[in-house]
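Peer 1: For reference, the chains in residue letters:
Number of protein chains: 2
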Amino acid sequence: MMEQCAIGIDLGGTNIKGIVMDRSGRTRHSSSIHSEAKKGADKVLKNILRLIEMLLQKEGDAGHVTGIGIGTPGFVGADGTVVGGAANLPGWKGTNLYCPILEKFGLRTTATNDVTVAALSEARFGAGRGIDNMVCMFLGTGLGGGLVLNGKVYKGKWGMAGELGHIVVQTDGLQCNCGLKGCVEQYASATGIVRNAKIICEGIPKDVLTPFAKLVQENPDTINSKIVYEYVAQQDPFALKVNDHVCDMLARAIGAILNTLSPDRIILGGGVMNAGQVIVDTVNRYAPNYCWREIWDKTEIVIAELGGNAGAMGAAELVFEEIAG
Amino acid sequence: MMEQCAIGIDLGGTNIKGIVMDRSGRTRHSSSIHSEAKKGADKVLKNILRLIEMLLQKEGDAGHVTGIGIGTPGFVGADGTVVGGAANLPGWKGTNLYCPILEKFGLRTTATNDVTVAALSEARFGAGRGIDNMVCMFLGTGLGGGLVLNGKVYKGKWGMAGELGHIVVQTDGLQCNCGLKGCVEQYASATGIVRNAKIICEGIPKDVLTPFAKLVQENPDTINSKIVYEYVAQQDPFALKVNDHVCDMLARAIGAILNTLSPDRIILGGGVMNAGQVIVDTVNRYAPNYCWREIWDKTEIVIAELGGNAGAMGAAELVFEEIAG
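Protein chains in written order, with my numbering: chain B, 1 to 325; chain F, 1001 to 1325.
Since the hints were made in silico from the structure, they are not lab data. Glycine included, every Cβ here is placed at the ideal spot set by N, Cα and C. Hints should not be assumed to be uniformly reliable.
No farther apart than 25 Å at their CA atoms in a straight line, the calculated lysine-lysine pairs in the BS3-like style are these [as the list claims (entries may be wrong)]:
{"hint": "1", "chain 1": "B", "residue 1": "Lys298", "chain 2": "F", "residue 2": "Lys1058"}
{"hint": "2", "chain 1": "F", "residue 1": "Lys1038", "chain 2": "B", "residue 2": "Lys241"}
{"hint": "3", "chain 1": "B", "residue 1": "Lys241", "chain 2": "B", "residue 2": "Lys226"}
Computed footprint of chain F on chain B, listed as stretches where at least three residues anywhere in the stretch have a Cβ under 8 Å from a Cβ of chain F [to be verified]:
{"hint": "4", "segment": "53-61"}
{"hint": "5", "segment": "148-158"}
Only chain B is shown next, with the shape it has when bound in the complex:
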């Protein structure tokens, strides 16, 4: 008899990635397709169905496919309907993900937030292996979070748990797109880092400009978080100041999370973390100011281990954990 496997789908604003994965986490097949998000929710759903069909064809036999797992931007209710929060997929809210797949392929589906499945992936195959309680924070364009508690993915009733980017860390702080002020996303995401670099470098007089500050003042539109951290690596004083500030803000959110959950590990992932250990080290300096000492002593902050396939792997893993084989 063939080993059971699951299909994992990672829906993004530009591409949809899909894999067929076995229980040990081995990818048997993979494929991807354009989301065509601008053409609306129906088109995106059709593309998901087409990708599943392609993966089933590669697998050859659907008989040993336990089900389909989907990681999607936004929140998914218990019945498989997207209930909100998917700003980069127009019309996606209100779409039901379970029925069309069940009708077309006779396969059960489980879906949840894309960051949550990436966190599950880190828990099973990445930096959280063997850990029962962990919190992932992904520092990309935005700042998303995912939780694995008591060994299981924690989503909350409405799939909305882990909105860690909107923990408010500064009273009357920077305006966030969400309407709140001082969300940690406005400091520690890639866009937040650039925003704070511009604020910090804005008022610096010409005679004390460092190479980094000069670049930010003269070519602000060329700055991204990678460049900021290249100057951090060169010990540019103003780049270091930016790093200190954003890591202080990130540490505030981490402190609140630690005091609430006392997880064994905080896993930091996403594009910003290509900067590496310097962020972990700086957060480690600030976090004790915002965290109960005994909890701090029992936790560690580490860097995520998985790359671009984390979402699809986590989505497939969700099938094994939530749909009986």
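Based on these hints, arrange chain F on the given structure of chain B.
Peer 2: Only chain F this time, still in chain B's reference frame:
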């Protein structure tokens, strides 16, 4: 055959309460004894053993007692050893709670933080009945928290989850006993409310003093949180200002918790909550400033329902949930 029951022990700095409870939550017997905390950890442990003996005698037959549950100040490791955090019980850290009970009575024990068991009690018998995900905050002398997630008590590996009183809500805020600054406990606990009442009333000129502000200025040592809320009920402007300030701070902690966990309910308990709905209403005004809108729309803040026996009931319930019957 007799119905299975459990013994629940609620250890406090002054008294130890104990009950025999059946699976439906009915208390069959109860008793209490002085902690004698000043006489040291050995004496406290002896008193716990004596209380268990008294309860077993009342029950008559130990054969249908599934086990012993203990709620204790501080944190308890997986092996039943108190690993820290019990400031009002000198020498309690390092005490093992499971072995002496197993040796003397042949009964298995499960122990955890006293606030955590009170939260479990609210989840099963109080304001959290029927709810899978809830967070309790107890506003007493200090501010403690307990979590029930995915229908189960969540303790973290070291029993330290739910240190909600030490979520930092104000940068460089009021100094806390724990060493941090700006912990929510320094604002929204009974002692925090009094502290903030004094700070707010301190500088008020004589000619604009309200009855409340006059009382705080002239007899600061007579103020407690109950008195503050008596004046809030009378709409005293400065008492209202105190209430606004402490509820704003409480709302900040709640916002961080909601964005992390998206629980269905936040349950507010403890002596401060005798003030009632005014605190819930004021927190409801401020919390949307610190919480992702869609999460806020799916949660509610309610007042705890259980009184003095919540701890012992939760400790007994923990037996049914963690020790096989």
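Peer 1: Run every hint past the structure and note whether it holds.
Peer 2: Taking the hints in turn, this is what the structure says about them:
{"no.": "1", "hint": "B:Lys298 - F:Lys1058", "result": "violated (42 Å)"}
{"no.": "2", "hint": "F:Lys1038 - B:Lys241", "result": "violated (50 Å)"}
{"no.": "3", "hint": "B:Lys241 - B:Lys226", "result": "holds (15 Å)"}
{"no.": "4", "hint": "53-61", "result": "violated (count 0)"}
{"no.": "5", "hint": "148-158", "result": "holds (count 7)"}
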